[in-house]
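Novice: Here is what each chain is made of, one letter per residue.
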Amino acid sequence: MSSDTITEPATRTAGHAEELKVVPTRHYARWAAGAAVVVLVAQFAHGLVTNPVWEWGVFSDYVLSETIVQAVWVTLQLTAYATVLGFLLGTVLAFMRLSRSPVLSTVAWTYIWVFRSIPMIVQLVFWFNLSALYKELGVGIPFGPVFWSVDSNTLIGTIGAAVIGLTLHQAAYAAEIVRGGVIAVDQGQLEAAAALGIPRLRQIRRIVLPQAMRAILPTAGNEIIGLLKGTSVVYVMSIGELFYQAQVIYGRNGRVIPLLLVATAWYVVLTSLLSVAQYYVERRYARGADRTPPPTPLQRARRFVTSLTKESA
Amino acid sequence: MSAVMVDVHGVHKSFGPLEVLRGVDLQVRAGEVTVVLGPSGAGKSTLLRTINHLEKVSRGWVSIDGELIGYRRSGNKLHELREREILKQRTNIGFVFQNFNLFPHLTVLHNLVEAPVSARRRPRKEAEETARRLLDRVGLADKADAYPRQLSGGQQQRVAIARALALEPKVLLFDEPTSALDPELVGEVLDVIKDLARTGTTMIVVTHEIGFAREVADTVVFMDAGVVVEQGPPSAVLDAPRHERTRAFLSKVL
Ligand SMILES: Nc1ncnc2c1ncn2[C@@H]1O[C@H](COP(=O)(O)OP(=O)(O)OP(=O)(O)O)[C@@H](O)[C@H]1O
Ligand SMILES: [Mg+2]
Numbered sequence: 000m001s002s003d004t005i006t007e008p009a010t011r012t013a014g015h016a017e018e019l020k021v022v023p024t025r026h027y028a029r030w031a032a033g034a035a036v037v038v039l040v041a042q043f044a045h046g047l048v049t050n051p052v053w054e055w056g057v058f059s060d061y062v063l064s065e066t067i068v069q070a071v072w073v074t075l076q077l078t079a080y081a082t083v084l085g086f087l088l089g090t091v092l093a094f095m096r097l098s099r100s101p102v103l104s105t106v107a108w109t110y111i112w113v114f115r116s117i118p119m120i121v122q123l124v125f126w127f128n129l130s131a132l133y134k135e136l137g138v139g140i141p142f143g144p145v146f147w148s149v150d151s152n153t154l155i156g157t158i159g160a161a162v163i164g165l166t167l168h169q170a171a172y173a174a175e176i177v178r179g180g181v182i183a184v185d186q187g188q189l190e191a192a193a194a195l196g197i198p199r200l201r202q203i204r205r206i207v208l209p210q211a212m213r214a215i216l217p218t219a220g221n222e223i224i225g226l227l228k229g230t231s232v233v234y235v236m237s238i239g240e241l242f243y244q245a246q247v248i249y250g251r252n253g254r255v256i257p258l259l260l261v262a263t264a265w266y267v268v269l270t271s272l273l274s275v276a277q278y279y280v281e282r283r284y285a286r287g288a289d290r291t292p293p294p295t296p297l298q299r300a301r302r303f304v305t306s307l308t309k310e311s312a
Numbered sequence: 000m001s002a003v004m005v006d007v008h009g010v011h012k013s014f015g016p017l018e019v020l021r022g023v024d025l026q027v028r029a030g031e032v033t034v035v036l037g038p039s040g041a042g043k044s045t046l047l048r049t050i051n052h053l054e055k056v057s058r059g060w061v062s063i064d065g066e067l068i069g070y071r072r073s074g075n076k077l078h079e080l081r082e083r084e085i086l087k088q089r090t091n092i093g094f095v096f097q098n099f100n101l102f103p104h105l106t107v108l109h110n111l112v113e114a115p116v117s118a119r120r121r122p123r124k125e126a127e128e129t130a131r132r133l134l135d136r137v138g139l140a141d142k143a144d145a146y147p148r149q150l151s152g153g154q155q156q157r158v159a160i161a162r163a164l165a166l167e168p169k170v171l172l173f174d175e176p177t178s179a180l181d182p183e184l185v186g187e188v189l190d191v192i193k194d195l196a197r198t199g200t201t202m203i204v205v206t207h208e209i210g211f212a213r214e215v216a217d218t219v220v221f222m223d224a225g226v227v228v229e230q231g232p233p234s235a236v237l238d239a240p241r242h243e244r245t246r247a248f249l250s251k252v253l
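As you go down the protein sequences, you meet chains A and B in turn. In this text, residue positions in the first sequence follow numbering that gives the first Met the number 0: the first is 0, and each later residue adds one. In this text, residue positions in the second sequence follow numbering that gives the first Met the number 0: the first is 0, and each later residue adds one.
The set of hints was computed from the structure by calculation and includes no laboratory data. Treat the hints with care, as some may be off.
Just a few of them, taken from the derived set where beta-carbon distance is under 7 Å, the chain B residues facing chain A [what the hints assert, rightly or not]:
no.: 1; residue: LEU86
no.: 2; residue: THR90
no.: 3; residue: PHE94
no.: 4; residue: ASN100
no.: 5; residue: PRO103
no.: 6; residue: LYS142
no.: 7; residue: TYR146
no.: 8; residue: ARG148
In this text the structure is predicted, and so the values were computed from the model without any measurement. Quick reminder that beta carbons are idealized off the backbone N, C-alpha and C, glycines included.
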């Protein structure tokens, strides 16, 4: 009886469901705020285009110039090397810290402590001046004779020193990111893998790391983008990366603002590309995590277009 | 009578000051099904986990098909095996967890193929054929390419059973395989286990399903407070228990 009295009036007045029209709530305050912001943004964009201090002519002269494009390439190389090597070393350090061996975990902990404590710029200058400390680097028995040695500056070179500095710095942060991802993986996963007799390294590579990636990727994306822009500090070593070359050019012609804009534009473009890559990599590692994965922006756009064409037809 | 497949001998296990297993003896013959009953905290899961060496025993030993698990004996000494050797021994012991523990980032088929390929070095193609045959056996032939989270709990547990079978283990251990399932899904999982029992798979099943024990078990073992209180055929242990603690437990769950 009670259920009757609840459903009856609704069904009687409603009739067939498809005849009902839904009137959405009107958000007047939201619209007003939106309009105000649009006006402000338009004003700013107008200033950007019309104000002569930006010197867009100079900007367009330089943005695709050979020097700048080459500098972008150097920036990309530094970023790529430091990312790959930094995360490789970081992954090793992460598993050392997680290992049951007190020696390994203490060494890893100490490494992370040291390299997070030293400002990157200090470390870079240090590597740059390495030859002042060790004239030669050699291979031999510890505390014993040396079989092979080489002058440290020839071996390392300026770019090499920058890559080492960036890598060692990055590895300390990467180690903590990877460790965070690994400890987020359900303990039951390792137990199941152990119960199936899957070899230890394979457990890590095939079971743990792919699942840890879900937690690693967002933070790692941040780190790589930070690193991309962070490579600009190697200008102290006079390496021809983006920021250094921009400085060299405006040092010559005095057009500071447009050349800073050139560098900015490139950093924005590269960061955007990295963000897009991050989106797709994250999606790949999300496989199996959701019952039905959400469509990509491209798929969504395509669906939107087909729905429009269907409607107009 | 068939040979002893699983031999648990005087096993003790402590976690710090807490003694969870206090001298457990248990023998399971090849092709037989042993059901372990007992109240929560009795040490049933711990016992299963010592059998495949997920937990180290504090005292006593376990052997499967005559092979000591986790140790090598020379004279009077037990030498601990390396992890690699223990992992190899585990491929003979299938384990089905209460909460499935399927690998969520791998498809159902890859869940089944992973261990045979990496631990047993089977050719991938052969492993996939076996996997599909096993999926068919648990009634999930059409789910080979699904991801575990796209399956119901009962289906996930059936995949987990197929995954354990893919290594062709000598014995299968089940730790409350239906406890995480909705009541209407319990039956489909128990049916798979019953089918395995009929085909002569050696199994140790920890469960609270008394009806299942009565129907399938060759031996019922009642554990409490880290010891085996009573064991025998279901008709004896379930219908005419000799111990007060068994009677008290059964009166609560029946
Ligand atoms: N790793 C551990 N560290 C400390 N104590 C533990 C550990 N594992 C189990 N125990 C303890 O051992 C006892 C037995 O646990 P066990 O899981 O074997 O019980 P069980 O019989 O399986 O119970 P249930 O029916 O609830 O699953 C419990 O008191 C538990 O708290
Ligand atoms: Mg248990």
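Novice: Could you run down the list of hints and mark each one as holding or not?
Specialist: These are the hints, each one checked on the structure:
no.: 1; hint: LEU86; result: holds, 4 Å
no.: 2; hint: THR90; result: holds, 4 Å
no.: 3; hint: PHE94; result: holds, 4 Å
no.: 4; hint: ASN100; result: holds, 4 Å
no.: 5; hint: PRO103; result: holds, 5 Å
no.: 6; hint: LYS142; result: violated, 13 Å
no.: 7; hint: TYR146; result: holds, 4 Å
no.: 8; hint: ARG148; result: holds, 6 Å
Violated hint: 6 only; the structure is consistent with all others.
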